[in-house]
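Protein chains in written order, with this note's numbering: chain A, 11 to 403; chain B, 562 to 1067; chain C, 673 to 948; chain D, 70 to 530.
FYI, nobody ran anything at the bench for these hints, they're computed from the structure.
Take these hints with a grain of salt, some might be off.
Unchecked claim - Computed, partial: chain D to chain A, Cβ under 7 Å: (1) 130; (2) 301; (3) 304; (4) 361; (5) 460; (6) 489; (7) 490; (8) 491; (9) 511.
As the list claims (entries may be wrong) - Ranges of calculated distance between the beta carbons of each label pair, as one might list FRET restraints: (10) D:257 with A:389: 34 to 40 Å; (11) B:977 with D:335: 51 to 57 Å; (12) D:457 with B:979: 35 to 41 Å; (13) B:932 with D:493: 54 to 60 Å.
Where is the CB? At the ideal position from N, CA and C, for every residue including glycine.
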Amino acid sequence: MTSLHQPQPGGATALDRVRGRAPTIQANVRRLAAFANVHSCPTAAVAFAARVDTNKVLADTSMEMPYGQSPFAIGRGVAFEALLRRHGHAELRRVLTDGLGTDFSYAAIENLREGFQPNRAGLTMRARVTSSRMAEIAEGPQEPVVLDGAVLRADIGGLPGFFEADEMAIGVGGQIIVGENKSWPVVDGRPTDEDALGAALDQAATYVLMGRRTLEQQGVDSACMSDSVVLVTPRNTGLAPALHRQDVASRIRRIERLLGAVPDVQETAASTPPSVTFDTIADTTLPETVRLDAFGQVTDELGRVYEPASCLTSCGFAWACRQRLFADGDPALVGGSIARALPGIASLSRVAELGQGAPASPAEAPAAVPLARANRLYDEIAAVPRMTQRRTA
Amino acid sequence: MSTAMEALFAARIYAEGQALRRTTLRHVHLADPPLAIAVWRLGGERFRAAAIAWGPLDGPFQLAVPGEPRNRDLYFAALQPFAADLCARVRRAAVSREVRQRGSVIEAVPTDALQIVVPNRATVSALGLLGRYLAYLSDRGGVAPDPVLVEAGRHLRFYARNARVPGQALLLPLDRLVADHWATLLSPFEQANLAALDAQIEPEPGRHPFDASAAAEVSARIGPEPTEDIDRVTGALLAEFNAARSSSTDPAVVEPLAQPLRSHYRDLVEPVWQLMQRVVARERQLTAAPSVSRRFSADGEAFGRHVDWVIPGGYYRTTDTPRQAAITLRRLEDALAHYEADRAVEDPACMIPYLLDGDAIRGTVASVAETKVVVKVRAVSRAVIAVDSPDPVTLPGGKLLWWTATAADQPWQVESVQPNGTGSRVVLMLTAKPTAERLPAVGNVITLSTLCTGRSGFWLLPPVEPPWTHRPDVALLEGEPIDAGDSEQPVAAVDGATVPDPGRYT
Amino acid sequence: MDQDVYSISMSSSQDEVSLRLARQVIGAIEAGDRDEAVRLTRELERALTRRRTGAPADGAPAFAAQPAVVPVAQAPAPARSARQVITGALAEIGVACRARIVADYAGARFGQRVEPRMLAALRRDERRAWDKNTARPTYVVPALEGRFFQPVRGLLTLSDWPLERRLLGPWSERADHLAATAQLARQLAWLSERDAAVAERLAPVVAEMAASIPGALDGAGVDTARVASAAEAELRPLKERDEPWRQEAAARARGQLPADQQLWGTSIGVVGEGQA
Amino acid sequence: MSAGVVDCGERLDQSVVAAAAAVEQVMRANLLDLVGREAAVVAAAPAGAGKSHFVAATVGLLRAEGLRVALAAPTNDQVQSLVVRVKQLNPDLPVAFVHGVGRELPAHIAALPGVSQPSAADAQRQQDPLVIATIDKLADAFLRNGLCGFDVLVIDEAYQADAARYYTAAGVAPTHLLVGDTGQLDPFSPLDDATYWRGGPEDPLQTAVGVLLRNHPDTPVHQIPVTWRLEPRAVPVARCFYPGHPFGAAVLPGVRSLRLTRPGPGSQVLAPIDAALDEAASSGWAHVTLPGAPVLTADPATAVMIRELVHRLLARSAQVTCENRSGFTDLNPSEIAVGVSHNDQKDLLRALLDSYGLSSVRVETANKLQGLTFEVVIAWHPLAGAGVTDAFHLDPGRLCVLLTRHRQACIVVGRDSDRALLEGVPPATPGFLGWDPDPVLDGWDAHEGVFRLLEPHVIAA
């Protein structure tokens, strides 16, 4: 099995086979976060390892999920960034000075967002500037430095990925502090969406972790990467930026686990059964039924783990999987917490039967008793009015 | 929330192709008609309603479309009629009152507070944010905003905050109303989509609820947050609008130009409005539970206090003081306990989970006897009943249970539980003087549960002056005006397609 | 502030005569002797145009590199091309500047609005013109980031500015913004005594630019002296850091880059990066 | 477990005991300095650090100084045991127990000399010098009957008391001593938006200590470096729940011992059960793992296993000895507790144990076990047979309570698939500004550490 562990032609061709002509996408912080929500799903793991873009694979089928963000939402983000940068980063300097207690009025600000091409070459150059500037922390720069659009290069499951941190403030009390800008407001000290805040902090934690690795590669003590990050958001009802500082030590540990859990591309490719490919599924020239059948075969082959909330927000396959679960009557359809009440029971139809008193196998027995009871009670004491009138369609 | 019950619901709906009612009664007040509000925002702009539709749900809606909601003048101009109408309705609802005395306190409580229904919880928070924005407007930018905007803001903010109270019906998100009264195949996450819920309950004939809701998810758009496809259209129309008006805010100029945007949003609101009408009509078919009116009159008290505070010009803090938070927490917890108890005690269907989770027993009264027991050196008479439950009961001795018929009164104490055929015989002793109404008759099928609907002794409000422990060492420095940073330049929409990774699913 | 003015004019490629004239003009301006200043300006203009062969007849400002010295636009010139307006405005600003601000200034100064689209087109034309080596005294060229000398298209400069002024280091964006603000404030002060209409248009532009400078605006109107001094106060410490950096970078660029890349920047890829 | 035991000095680790004594001295001195000022001292204790002993002793000291003291804790059980503690250490000290309706002291406590149960009004009129009550009752008495004017307010279990309750009670005295266990469960609310205020200074659900330190960050916090309840073999596991808080066991290794006088194994069926009991007796820990399988929360198989363990433990007539006993004495059923996470688990086990005549064996959910001590504890692992992890079951406080109640041995019962639950990536968690800890992620780490430490004691059933 050693062949699995070394990238080699065999692995490469296996990878090509898995990908086929399916659209691919590089790993970035958002993909990583999305993958974290579905990492226990074998299909999702293979797709991520092969960098298959799960959002596009099912394009033009009834199972393609509405994806993407309002142009206004994006516009707001752009505007907020612009506000921080205009007039030579005046606002950013102010916010950092107020928030970090270090004077950034005359800080050196490396603007890595402009001039560099939006491609690997550009990213690579930015990553070089980033790492060399970060390394200067070892000499303890006499003045603070801000990397605007720092780029960290990290190996994700055997493939290089580039990660763009909004800000990196170097030399604040001998520390490097990661900053993340978000255009959603913090109203009266409270975020309008705690999950969005959590995701933002996870992002920042990812940069801290990758920053540490970048420093270590250069033999610099990574302890100077601060555990606490800054979040810059509009305050209250306008766009005026405000800075929040938050300790993300435990989130950093989570991201460390996550990176550890990312499957290696070559290993995955080589170890996936020969029959598995996303090629047919993504082939828009084929009829939908063919593509969805192919999807069914692939997921049956690899296995799928479906949890409504996490899958529906993070994976382009969710609707297609949900459809399969419905077809199989899989209890997971309605969520793991309920499925937990059904140990040893194969399908929802069987649950219904047991509810009506079908003889339970030893495996089913423990769960069957409360089900039968629930069913009896519902029919017996809840003289529940049934839907009568039908909508005139 | 019994997982066994949930599992059974899922299984039956799957097998029978039919959503199931969770309740035999309606546990939430529904005005006839309620005031309905539907909101569409610009994507990502939490304080900018691109369209507000409102009106009594039994009729057509009025629609406010600012055109460019990020322009203060246009925004306020468009919101004005909505705000004025809302304020008028609130004030009208606060007129007719009944005097109520509680302890030493005498209150004039509005008899029918204004109920607002919205499609979903997301709209509740959207209205809360809109209220937060309007309630603290200053004359920043030279022009003082129309006072009705500020007043409406305070009303919206009150409604949104009061929506935290379990069982309240002042601001009713219909997705929760439906999810509380119907079991579907939708996971809690998917239940946020009112159209999907409705489709599961009333699928087109011959369609399985699952397929119906899946289809609804594809087609239906509820708001307040627009999906990309919607805002692509909005973006184009808005660009034309802004170009055409060339920074004019003169109503005469803007009105006609906003027409395309208006019809754009009218088309979006239309189906949502019908959906809300259908949902409310359906739930109104159910008889209201007895405690519904009590809960709504509690809402009335809150409503009355709000109006009496705000109309004379009272302000609310943007954040709670430690004292307010402590009081609120306690009120909310009381409300929750009472709501859950009332539901289950009044509605057998809602009692099932408690029966399944071992927090309630149901059976036939096999015997009723009176005995004497010694309590604190005095012999007092007590009643002892034996209840035969068809199901095996596991209850620790000494556990206190309330008979649903006297759930506000004294509890029964579990004396013993013996196996009895396939079920159990439970012997209980009344913890109070046996009286006729406290005793069931032999042969009655009764339910006893851990739920008590009695009101616990009233508690006193904590001191106004916070103790030193809850005051910061150094007083926080004075902040800038509350609406600092308000009114930014409009921002051009950006083509999502040009952004490499536009984020998560919508 | 004299130093500032001189350093700007010093760093341009002028011969002694024009430099002397320039100083006299500045002296005259500061002495408040308007007519003298105007006379000297004309003379200076002639001196410069004499030196310049093939100077466009339509009178694009020839003394691009002398922000402190600007001729009075007596009669508003006939409508000029976007290019002329931009070069004109940029010349008067004198440092690398955001296209939008240049356009705003041009609009105020010459009463001619330049749409963003036109700017994009302008950039393309400039490059094409250069490739066709159409003889032009100055080209509108992008600023260059000072590490790999890649073009930063958001910031405009003029080809006849010395390299160090077209390069951007870690302090340059703020420094240039402050320099530009101070310059335009002085410009506003000067214009407001001559052309109220222009001044009225220009004031908001200056105010907008000064908005981010602590102590520059007191809330009321635009106090140009206040703006200029606030900007320069903040500029001074930045300059100490900025200028040496830019000089070093410029030296590097001169050593490394062919002439065209010194103007238009590099578009180097990176070799030796494994593809995924 | 009391620190008052002096006749067993040679059985104690004097260095640890001395260190603890030193810290307690500093705290008392610190507190006495502050008397009269609006200031507080916080004592952060690991499980079984002899908090209530420290509290009782300190109360005695304060009274000796002639200071009027109010002593409070969140629950009735806690304040009742405080009354007993105070009387044990200060027999002649009058104690006024102020209680709510139907919350009188049990007869045997009420009968203690010098213990009175006055109404709040009387307590105030008489100016009772030492009043003991729940925090809620103290607050109510303060508001309703003006019970106040104390010199010092002492709060035990201050990490379980929430800021809302503390708010009112705090008014009864200027100077406070807050004693608590940082490892146990945080204040909890059934509201589905209970995190509404989280991170804000007004959060009513932050701990009493939390709100105090937030507003007065310079308040001295002393870490008590000893555990009296746990013995050395139990300490490494306990440390998982107290990061950054060093402490050691007061009792020396080998002083305590659980022995099974009847040898196992009995029948084939009993083999794993006896193996588990033997492992627990010899090493202080046993982790019984049933075959991995998704099961109901109230899994009958697990419950039966637990009953068998209890039953067999007594059937093999277990005996214990410790620093306070001369020689071995029989293990009394009331010295055994079963700890669970859910009420349906509790009810099921209660019924099973009662049917075996084991009614005096205590069965409680974790939150009810807080502050209690037993010789042997059998813990139903929160993750046992769970298909998925969630915030409730990952809560480090819950696991901490279950695994730190015992003096001799703890037997954890779960399934061998449980550990695999932690092999993945913790779920994404929401963020709260101004609130750094993350119960899910911290709990994840704690659970992992515990699994690792229990590995050598695994008995597959």
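Evaluated hints:
1. Interface restraint check for residue 130 of chain D: the shortest CB-CB distance to chain A comes to about 38 Å, outside 7 Å, so the restraint is violated.
2. At about 29 Å, the closest approach between the beta carbon of residue 301 of chain D and any beta carbon in chain A exceeds 7 Å, and the interface hint on this residue is violated.
3. Here the hint on residue 304 of chain D is broken, as its CB sits about 24 Å from the closest CB of chain A, past 7 Å.
4. Because the smallest distance between the Cβ of residue 361 of chain D and any Cβ of chain A comes to about 11 Å, over 7 Å, the interface hint for this residue is violated.
5. Interface restraint check: residue 460 of chain D against chain A, minimum CB-CB distance 12 Å, threshold 7 Å, status violated.
6. Taking 7 Å as the C-beta contact cut-off toward chain A, the hint placing residue 489 of chain D at the interface is violated, the least distance being around 11 Å.
7. A hinted interface residue such as residue 490 of chain D counts as satisfied when its beta carbon comes closer than 7 Å to some beta carbon of chain A; here the least separation is about 10 Å, so the hint is violated.
8. Annotation: interface hint on residue 491 of chain D violated; nearest CB of chain A at approximately 10 Å, more than 7 Å.
9. Checking residue 511 of chain D against chain A: minimum C-beta separation of about 6 Å stays under 7 Å; hint holds.
10. Between residue 257 of chain D and residue 389 of chain A the CB atoms are about 36 Å apart, so this pair conforms to the stated range of 34 to 40 Å.
11. Here the CB-CB span from residue 977 of chain B to residue 335 of chain D is close to 32 Å, at odds with the stated 51 to 57 Å.
12. One distance hint, 35 to 41 Å for the beta-carbon pair residue 457 of chain D and residue 979 of chain B, holds here, with the actual separation near 38 Å.
13. Evaluation of the 54 to 60 Å hint for residue 932 of chain B and residue 493 of chain D yields a pass: the beta carbon distance comes to about 58 Å.
When held up to the earlier numbered hints, the structure conflicts with 1, 2, 3, 4, 5, 6, 7, 8 and 11 and fits the remainder.
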